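Using the sequences and the hints, build the whole thing.
Sequence lines, in order, name chains A and B.
Each residue of the first sequence is one higher than the one before, counting from 7 in this note's numbering.
Each residue of the second sequence is one higher than the one before, counting from 433 in this note's numbering.
Calculated directly from the structure, the hints in this document are not laboratory data.
In this text the structure is predicted, and so the values were computed from the model without any measurement.
Wrong hints could be hidden among the right ones.
[To be verified] For the chain B half of the interface with chain A, some residues (derived, Cβ under 7 angstroms), not all of them:
1) LEU477
2) PHE540
3) GLY541
4) GLY543
Virtual Cβ for every residue (Gly too), placed ideally from N, Cα, C.
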Amino acid sequence: GEDVEQSLFLSVREGDSSVINCTYTDSSSTYLYWYKQEPGAGLQLLTYIFSNMDMKQDQRLTVLLNKKDKHLSLRIADTQTGDSAIYFCAEPYTGRRALTFGSGTRLQVQP
Amino acid sequence: EAGVAQSPRYKIIEKRQSVAFWCNPISGHATLYWYQQILGQGPKLLIQFQNNGVVDDSQLPKDRFSAERLKGVDSTLKIQPAKLEDSAVYLCASSPRARTGMNTEAFFGQGTRLTVV
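Dropping the structure here:
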């Protein structure tokens with residue numbers, strides 16, 4: 007994967023659902039990842055999905071994977087102000103273990 | 433379990449000076465990565481080590497950047513001489529050893545913010 011694309015910005019109201027979208031390039035990617043970055047901090051792994059799955063749910067997080075369209079989404083239910091951060095989608099570089107990241111989606115949660 | 437440690441947290445230098453960053457990965461993690469994150473962008477891989485050997489340094493600007501991982505644990509990344517466009521956050525990450533195709537989850541440090549003036 008060399009070009010992972012994400013929309014730059016999303017604003018939602020507290021309590022609403024947020025959906026962050028990503029398109030990736032390498033159809034052979036075995037795992038796809040979502041990372042969260044808060045201001046001044048490193049990247050924190052939120053969740054990941056194995057490529058043979060269509061959906062993975064983890065508490066307020068739902069990951070949907072459409073392999074045909076190479077589309078990945080992250081849904082955050084009941085979004086809180088503490089969810090305000092930049093969210094990165096990532097896939098392994100083709101044939102390698104290192105990750106390639108999108109440019110990130112800045113999520114702003116309005117009280 | 434202690435996380436990935438990096439130092440310093442912040443560094444300001446003048447262009448053409450040199451700078452070094454240090455990383456201590458999670459204990460037992462065989463793979464170590466250095467990423468560069470320019471403001472407003474996602475992290476980009478600079479170099480990947482497996483134990484003390486370089487696996488991938490294809491995106492490392494070798495005329496000015498160097499990195500080493502002596503004894504397969506700590507690592508240092510050096511820039512000499514620095515340019516204005518090197519201003520970025522330098523992130524270190526580590527992964528446990530895994531077979532190809534297995535989960536490549538990486539754990540990140542807080543990063544070093546470099547400003548070149």
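Against the structure, the hints come out as follows:
1. LEU477: Check passed: Cβ of B/LEU477 comes within 5 angstroms of chain A, closer than 7 angstroms.
2. PHE540: This hint holds: B/PHE540 lies near chain A, its Cβ roughly 4 angstroms from the closest one there, short of 7 angstroms.
3. GLY541: 5 angstroms, holds
4. GLY543: 5 angstroms, holds
Consistency with the previously given hints is maintained throughout, with no hint failing.
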